[in-house]
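Build out the structure end to end from the sequences listed, making use of the hints.
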Amino acid sequence: NAGVTQTPKFQVLKTGQSMTLQCAQDMNHEYMSWYRQDPGMGLRLIHYSVGAGITDQGEVPNGYNVSRSTTEDFPLRLLSAAPSQTSVYFCASELEQGFGELFFGEGSRLTVL
Amino acid sequence: DAKTTQPPSMDCAEGRAANLPCNHSTISGNEYVYWYRQIHSQGPQYIIHGLKNNETNEMASLIITEDRKSSTLILPHATLRDTAVYYCIVRGHGRKLSFGAGTTVTVRA
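Keeping their order, the protein sequence lines are chains A and B.
Under the numbering used here, the residue at position 59 of the first sequence is numbered 59, and the numbers go up by one with no gaps.
Under the numbering used here, the residue at position 34 of the second sequence is numbered 147, and the numbers go up by one with no gaps.
Everything labelled a hint here was simulated from the structure, so no lab data went into it.
Please note: incorrect hints may appear among the correct ones.
Unchecked claim - In silico lysine to aspartate or glutamate, EDC-like type, Cα no more than 20 Å apart, as pairs:
{"hint": "1", "chain 1": "B", "residue 1": "K209", "chain 2": "A", "residue 2": "E59"}
{"hint": "2", "chain 1": "B", "residue 1": "K165", "chain 2": "A", "residue 2": "E59"}
{"hint": "3", "chain 1": "B", "residue 1": "K182", "chain 2": "B", "residue 2": "E168"}
Said to hold, decoys possible - Take a look, some chain A residues computed to stay more than 12 Å from chain B by CB distance:
{"hint": "4", "residue": "V12"}
{"hint": "5", "residue": "E59"}
{"hint": "6", "residue": "S67"}
{"hint": "7", "residue": "L78"}
Ideal placement from N, C-alpha and C gives every residue a C-beta, glycine not left out.
Structure below.
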């Protein structure tokens, strides 16, 4: 099993550009989520999804959009990148929300100039 | 979800047991205690979780006090590869996973 796969691993954007961070899992997990981690800090929840077609906001949703058209994929879209969005982004999945172990991807490091 | 309090850092000698404390005095009866760790900016890794009984797996042991207001994660024989940030998280069923600052554990040779 590949687990949780994130692409790209590294990305540099200019202010105002848009991009999508991809996240895919092959474990048939219903729950998926996106976190960001700024230097020296813990992870903060951006958006999450409890199943295909259902998404909701976390602690820091502003500037990000998500959709969940399939169980496997949960892309994170930055509509107009800002330097404050420079961070490491982690995608995670779980069989069902709050029922066990959350599996994390290896992260996508984003720099906005 | 209940808040947790962990020491910001601790050192441990290689080969010795590492005991990581966590306070969660406002924990509710249906909330679990989870431990994750993050090694050098990799994705966090699940370690163990429990409700009220002590738990053990191949990575660690989790000791929860009888009143459930605190717990201790025990790494029985710490190695240099156990150097990481360890997060103690209280979480109820169907709830989101929220991370605090964690404890930075440094294992020294």
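Notebook entry, point to check: Was A/V12 rightly flagged as not at the interface, with every chain B Cβ beyond 12 Å?
Noted result: holds (17 Å)
Note to self: So A/E59 supposedly isn't at the interface. Is its beta-carbon more than 12 Å from every beta-carbon in chain B?
What the structure shows: The assertion about A/E59 is violated, with a minimum of 8 Å to chain B.
Notebook entry, point to check: Is the Cβ of A/S67 more than 12 Å away from each Cβ in chain B?
Noted result: holds (19 Å)
Next item on the list: Take a quick look at A/L78 and tell me if its Cβ sits farther than 12 Å from every Cβ on chain B, holds or violated.
Entry: Consistent with the label, A/L78 stays out of reach of chain B, its closest Cβ about 20 Å off (over 12 Å).
Margin query: B/K165 and A/E59 were given as a pair; does the straight-line alpha-carbon distance stay at or below 20 Å?
Written below: violated (29 Å)
Notebook entry, point to check: Does B/K182 pair with B/E168 here, judged by a C-alpha cut-off of 20 Å?
Noted result: holds (16 Å)
Next item on the list: Measure nothing beyond the straight line between the CA atoms of B/K209 and A/E59; if it is 20 Å or shorter, mark the hint as holding.
Entry: holds (10 Å)
In this structure, the hints that do not hold are numbers 2 and 5, in rising order.
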